[in-house]
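**Student:** What follows is each chain in one-letter form.
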Amino acid sequence: MQKQKAKMGYIFIIPSIVLVLVFIVYPVINTINMSLYDLRIQTLAEGKKFVGFDNYIKLFSDKTFIESLKFTLMFTVVAVTLETLIGMIFALIMNKAIPGQGIIRTAVLVPWAIPTIVSGLMWQFMYSDQYGIINLILSKLHLIQDYIPWLIEKNTAIIAVIIADVWKTTPYMSLLILSGLQTVPESLYEAASLDGANKVQRFFRITLPIIKPVVVVAILFRVLATFRIYDLVVALTSGGPADGTQSLSLYTIKTYFNFGNLGYGATLAVVTFIISLLISFLFMDALKTKMEKV
Amino acid sequence: MMKKNTKSIKLKKYIKGVLFALFFIFFVGGIIFPFIWQFLNSFKNQKDLFSIPPTFWPSEWTLQNYIDVFERQPFLLYLKNSTVISLVSTALSVSIGCLASYAVSRTDIKGKKVFMLVLLSITLLPPITIINPIYKMMKNLRLLNTYWGLALAITTTQLPMAVWFLSTFFKSVPNTLEESAMIDGASIFKCFYKIIMPLVAPGLFTVSILVFITAWNQYLFAQVLNPLKIRRTVTVGITLYQTDYTVPWGTMCAASIVITVPLIIVVLLLQRKIISGILDGGVKE
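Chains as they are written, first to last, in my numbering: chain A, 1 to 294; chain B, 1 to 285.
A portion of the hints provided could be inaccurate.
[Unchecked claim] No more than 27 Å apart at the CA atoms, straight line, and that leaves these computed lysine-lysine pairs for DSSO-like:
#1 A:K254 / B:K136
#2 A:K199 / B:K47
#3 A:K70 / A:K49
#4 A:K288 / B:K113
#5 B:K47 / A:K3
#6 B:K110 / A:K212
#7 B:K47 / A:K140
#8 A:K96 / B:K16
For the record, the hints were derived by calculation from the structure and aren't laboratory data.
With these hints in hand, go ahead and build the complete structure from the sequences.
**Tutor:** Here is the structure:
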């Protein structure tokens with residue numbers, strides 16, 4: 001009986017394996033292979049030329065690449081840090097039995113459900129220097145005197161992208177952290193308060209250690225998702241001003257489809273892949289615990 | 001002494017209440033505000049939209065922006081394309097994912113761990129790494145600008161989530177249930193769809209919602225694989241109202257409301273399911 005069942009198991013898993021082989025494994029190998037060639041749409045007739053690691057060497061002198069890598073890394077670190085800290089505060093509050101819980105949880109889903117491309121356009125209009133609501137609010141609160149040209153200067157454009165991303169993803173993060181908080185047994189808190197521990201102590205000694213695995217996995221997935229940021233910059237800044245907010249993904253897409261440089265585009269794609277891999281290794285312990293549950 | 005104590009407790013409670021109200025307004029307001037603002041803008045005329053400083057309420061409510069959405073581009077077609085592609089992606093992800101989850105969690109096949117590890121690494125893989133080969137492949141298979149091509153690509157990216165999530169559901173069905181049915185003479189396949197499937201139905205439903213929303217919101221693959229008008233999706237369409245010379249904000253605000261409202265309705269109706277889906281599928285399990 002078990003044997004027959006296993007046979008069915010193999011048949012059932014075939015579609016998934018085919019899908020993974022065709023749409024994941026083959027494309028990854030193909031991209032790695034392509035990154036070793038010089039191939040351009042414009043000279044497609046001449047065919048591809050094997051250049052070894054030349055494309056990778058070129059990266060070091062490519063200012064656009066270095067700029068986009070810097071922006072992407074910086075953006076990832078800042079955005080995910082903010083998301084985690086704010087998400088933690090939200091989750092702690094959402095974990096309390098408070099009135100309006102239903103409204104809060106529904107509200108939290110709104111930014112998550114809005115397509116990133118739409119939220120990017122939405123924020124673009126809000127950031128507009130004269131017609132934008134953000135400058136109006138800030139000046140009404142007397143926080144600024146002159147209107148800030150948010151998307152026209154590099155530094156403010158970076159801040160603008162970070163704010164828009166934090167708005168979109170913090171609610172989701174707070175839900176993930178909340179799922180961890182709900183696993184903390186109430187009895188632990190009671191015991192701790194009998195021992196005279198205050199709220200801050202309780203958080204750092206009891207809550208944090210218990211929710212740590214959940215938070216670490218959440219951070220890993222957020223870091224990787226943020227690192228591949230594409231939709232948001234396309235809609236909000238198109239990578240500007242002067243490539244100031246051009247993410248690695250956006251630069252890769254431009255290299256592929258606008259400049260038609262297929263070999264170099266593949267190199268950029270491989271580098272993005274390798275960095276994602278390195279980031280995942282940093283979180284190896286968290287991934288292991290996830291795998292153990294299989 | 002006693003009196004003073006109760007008074008300070010009351011005061012504390014009062015302060016807590018005020019702090020909470022402030023948090024509530026800040027939190028809910030901050031989260032919802034951009035959407036509300038977009039909503040109001042979509043009903044404003046040109047004069048209101050570009051008034052300096054901006055006005056909150058429209059001086060007159062107009063539907064012109066919504067008319068423009070459908071007149072300037074075939075947005076109804078885009079809506080249809082997005083709907084079909086999202087539905088196909090959902091059906092594919094759920095059915096393929098369901099079969100794989102059953103295999104992984106209820107049968108003794110070899111290489112389970114490797115399979116799950118591969119799925120996990122897919123979620124870690126940047127889509128940018130596979131986009132160009134997929135584009136070439138779809139081109140060779142004549143699947144560019146089709147429903148199936150884009151839906152297949154989306155399905156592949158959603159498969160890991162579906163399998164990880166569904167396999168916990170499959171595991172929760174007690175073995176004895178299946179065994180006793182088999183003793184009664186039911187075939188393995190019959191057991192699968194008569195006994196196990198109904199029990200995991202709530203899980204299937206949650207995964208469907210999550211895949212549908214992700215597919216609807218997909219931009220990168222939609223932009224690359226379906227660039228032509230005939231199969232363009234809403235997320236790509238909305239970026240094409242602006243030209244180098246004009247940015248028709250009213251039209252774009254209205255279009256974004258048209259794109260988002262179906263999702264917001266789904267979210268409002270099914271928020272419990274969605275939250276449990278995010279909580280269980282994301283990291284908890």
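**Student:** All hints are to be evaluated individually against the structure, with a verdict given for each.
**Tutor:** Quick rundown of the hints versus the structure:
| no. | hint | verdict |
| --- | --- | --- |
| 1 | A:K254 / B:K136 | 16 Å, holds |
| 2 | A:K199 / B:K47 | 53 Å, violated |
| 3 | A:K70 / A:K49 | 30 Å, violated |
| 4 | A:K288 / B:K113 | 11 Å, holds |
| 5 | B:K47 / A:K3 | 73 Å, violated |
| 6 | B:K110 / A:K212 | 32 Å, violated |
| 7 | B:K47 / A:K140 | 22 Å, holds |
| 8 | A:K96 / B:K16 | 13 Å, holds |
This entry does not satisfy hints 2, 3, 5 and 6, going by the numbered hints stated previously.
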